[in-house]
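From first to last, the protein sequence lines stand for chains B and E.
Just so you know, the first sequence maps onto residues 1 to 315 in this note's numbering.
Just so you know, the second sequence maps onto residues 1001 to 1355 in this note's numbering.
Each hint can be trusted.
One side of the interface only, derived from the structure: several residues of chain E facing chain B at Cβ under 7 angstroms:
no.: 1; residue: E1032
no.: 2; residue: Q1063
no.: 3; residue: N1243
no.: 4; residue: Y1249
no.: 5; residue: M1271
no.: 6; residue: P1331
no.: 7; residue: D1335
None of these hints come from the bench; they were simulated from the model.
All C-beta atoms in this analysis are idealised placements derived from N, C-alpha and C, irrespective of residue type, glycine included.
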Amino acid sequence: MLSYIDKIRETSARLLKDCSVEMVIGFRKGTVPMMNEPHFAKTAEAVDKLVWDSNCGINLANYLTNRQEKIGIIAKGCDSRNIVTHIIENKIKREQLIIIGVPCSGMIDKRKINAMLDGEINDVVEDENNITVKGNDFEKILNKRDVLQQNCAVCIHRNPVIYDELVADLVEEQEGVDRYADVRSIEAMSSEEKWKYFDDLLSNCIRCYACRNACPLCYCPTCFVDESRPQWVGKSQDPTDVRTFHFLRAYHCAGRCTDCGACERACPVGINMRVFTKKLEKDCLELFGWEAGMSADVRPPLDTYKPGDPDDFIK
Amino acid sequence: MKIIKIDKKNWASGLEDLAGSYRLFGPAKEEEFHNFKALDQGVLPDLTCLNTRLSPKSLIYPQSEVMFEYSLDESQEDHHIMKEVDKDYSPRAVIGIRPCDVKAFLLVRKNFDSPEYRDPYWIRAYEATTFVGLACEAPCNTCFCTTAGCGPYHEEGLDLLLMDAGDNFLVKVITDKGEKLLADAGWDTEVNTDEAAKQIEAKKQAAEAKISSFVTADRLKEMDTVELYSAPFWEEVAFACINCGTCTYVCPTCWCFDIQDENRGRSGMRMRNWDSCMYPLFTLHGSGHNPRDTKIQRVRQRFMHKLKYYVEKYDNGIQCVGCGRCVRLCPVNIDIRRVCYMMNSYGTSDNTCAA
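The following block holds chain E by itself, in its conformation from the complex (with noise of 0.2 angstroms):
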């Protein structure tokens, strides 16, 4: 293990080295809120950023994007063919993001990147992308990271990890990626790494002792699906449910999409759009029938998905990182962890939940 400290007084002008070699994105306040956004020269992303209010799932998964082109001009050689469009996969780098939002590209990788399917657009952005993690020491109350597979000093899917140590900023450097980051900026000062791998600890300890809020989801996966899917809480969690797409696009570890062909004038281009399992067109058939037609069915959908279908088709634990942001946004106050209670609880004489 190397752990390497950056003097803050050489943060800005690291970064400004790296703005040579890396398209760099980070937290930008806008008036009321951070998002991720590519950070304009001598921009610094900003660290006191809790966390931002969108995820960073449309860096590498942009909400819209472009995958072909065409003409409808009959007149052209090549009309009605659909051509890739140029884009940008030169290497860009994420500088403090969280843990959690790290660790949910991995669940994400998941669908994009599998034996059976290679999503090329996904992978070529992910894997032109360094991560910066930047290590929580102050998490929401909202944050349940550490029941969701996750925590705020969590490495998993990270290049570098980032903690503030007051004048200083610690980084553990954890792959090969992060070091040629390290190297571009012009970082290096080593240190007893013993030393500062106790104080990481420490750290770490202190972090995770923050954390107020807490999910269960040990017996999700030996239940049965139908008993689960049947039974009678789904009426009482819908009822409030606006079937809006909040949660689903909010959420770090939503993956899906719907593809759409865009025509202006003589050409046009197919794009894919993010898509919400609370929206009842998600489901239409082209018959007219729709499958999910009832809010009822879509938010269970949405829950079954997360917290059963996901962890028994892929045995890694909750399509869920604990970042809280569906409860804290959710127009309605529909939360997840008690949700999660009421399904890793059912068929138990435990059926109140503290959250």
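Just chain B, same shape as in the assembly (with noise of 0.2 angstroms):
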């Protein structure tokens, strides 16, 4: 990780001095354990703040959005797919950008992290394999692998799929995933029983809007619970409007997921709302065998039409 750091600063610093970019945005760590601050360097002296670990879980292309300036990126394969996607939506002009790439290992989760210990979590240190917590009256080293978010533990995509700077060798892709075994799982229940999941997932929403407002897929000026002429959704703790804010949220992604996790990783209270983006993400890998973000060249199965789109769901 620590000559990652160093290229990232070098580059960064290199692309500002020469006038390439006007901005570098990137990370800067953290003021509390397993946590990093996204952060923008403006000046090559600014460059020694930005860091990188496995706390960048954060998807960086949610602070491109229509912005104007010329911006160079970090970029982990989820932010790079992101990227793509704000490319054919028009959000960002690729000449904007200078994307450097950074090839990923997966990120670290928090959650699980701290659900694994007693006390409290003062420290976290790490090296290529293993992640060492400390805390007032504990030590304990874990395998990175095992304290991975979920996304990470199942992405196929952990190098950019675009850059024009990259700050370490490409890693191996993981093969042989199982990506979706939680959502056949859920699947197979009956709709009572999927109804009930639901609901018990969701019961602990606050509506705060973390998950949206992460997501750079949530770009729209005024999203439709924020609608006010007509109001569309009540404001209320009413499963209802909870439910239809998740569900809706989760059908307007559907084609442009990439799974990054930062709704998940964001949510204060912990709800894992990934499994709604990704029975969509899902069903548009089987029906048209399409991976969100991997090329901007391809339109998306849900802007295009072709006489030969499966419709067997039609009913």
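Once you've looked at the hints, go ahead and assemble the two chains, each given alone in its own frame, into the complex.
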């Protein structure tokens, strides 16, 4: 990871110095364990704050929406796929970007690590394979593979799909991964069981919209839940309104979601709303052979019509 | 000052006795974290909880609260007339609340119980509640209460303060309300006050010494509001913000709400729901104009309100008790300690932050 940081700083400083970009968007070290903060550097001197480690799970494509300047952006696999989606959807221009690709080995799951330990975590350090977690009266070494975010554990596109610079050699992609075991287990439920599962899943939602706002796909100028003339959705904790928000948001992401995990990671009450978007992701793969954000040259299946499009699901 | 001792063996039976005259609330662990819940009969508050994920503000001020009901059925005589809904303001007791969260109610009270306006729902719920605090022996590393007008043994706003002393709880009796609760529970073992006070003081100092995180807010009140408002650092502070409502919803001192009418069929209700200054809709005018249309304006508003406008208006310190929830839960790690530092040191040469 240290070599990544050196290369990120060196590349960013060069791009800023030769005026190829006006800002570089990356991460700076967080103020609490297992968190980093999205951060920008506008001068070559400011790049020293940029870091990289296994706590960079926030999707930085989210910070590109409608920006006008020339930008250098640090991008792991999923960020790069959302950058592609942003380009396809005219939220940023390819010419504006210098993409500093980061081959990714997955981000760690803060929630999972916290749940594994009894005491409060004061510090977390990592090397290539291990995460050392320190508390007041404990120190534990965890294998990074065991504490990855769930979406990272089943990720098959760790390398950036589009980049202008690369901070390290590409990593080996994971093969033979069962990406959809969780979705299949829900598909196998009866309607009543599914309804109960979704109700339980969403019962803690406080409607802070962190999932939506952390998502690079959710850039609507006014989200449907915020429309006031007319108002589409109630504002209370009524379960119907909470469900409406989550279900509809998921549908808005169909064929666009890269399963970057930003939504689940952002949730302050630990809801795995990814199960909704993953189901749609799986459907898009099965019906259209489609994975979002792999190429800026192909239109997504849900905004093109082909006579041969599958329609068996229309009943 | 009166101090009593509760043998932990008598804890469950005392709570059982209390359940006859109070509705009891306390920290309960769900799957991954604790929240305050109504305690079913026989369920004990989980006092191992460092602090709850969400603040207990919803016990007094629920996220969604119905105020009125009405009928839209014109064949009814009372159609379109707002009628108050029945609510349960019978005595309740919150067991195991942390001193910071109780202090927060006093800050929120500035808004809901002022000479100009008295909020009937908040006040009645607040007055119906007895707060049984639990002193913090092991504060979190994100707690900065001691520099936010509070502390692990802080008593303001509490009726009783419980301290863990091995096989016993030591209880400092702070108000008559607290005294009544003790009587109802049958906890009455008085102890040698001088001795216990010394013991408490020592525990208090030990707990305070464990606080490892701080804010400095000494310059905020005197600073020029417009200068602070126009400071260049807001761009950097706001950059990472995704404008979700997490910080405001988990905060024990954020009090903003929105009023909505919700109709179903031919009847409806007027309710208030928490709202957040992070949301664009919060300030959207009927005309379509939005005075806080950009993220940077909204982020600045939140911090200026907590750390400058409130400080100036009430001369009561910052609108923050240092519970650290926003620090722990912000999805992008915007840290109020850091922002407070930037604001407080603005215009001085010292502008590097340790937080």
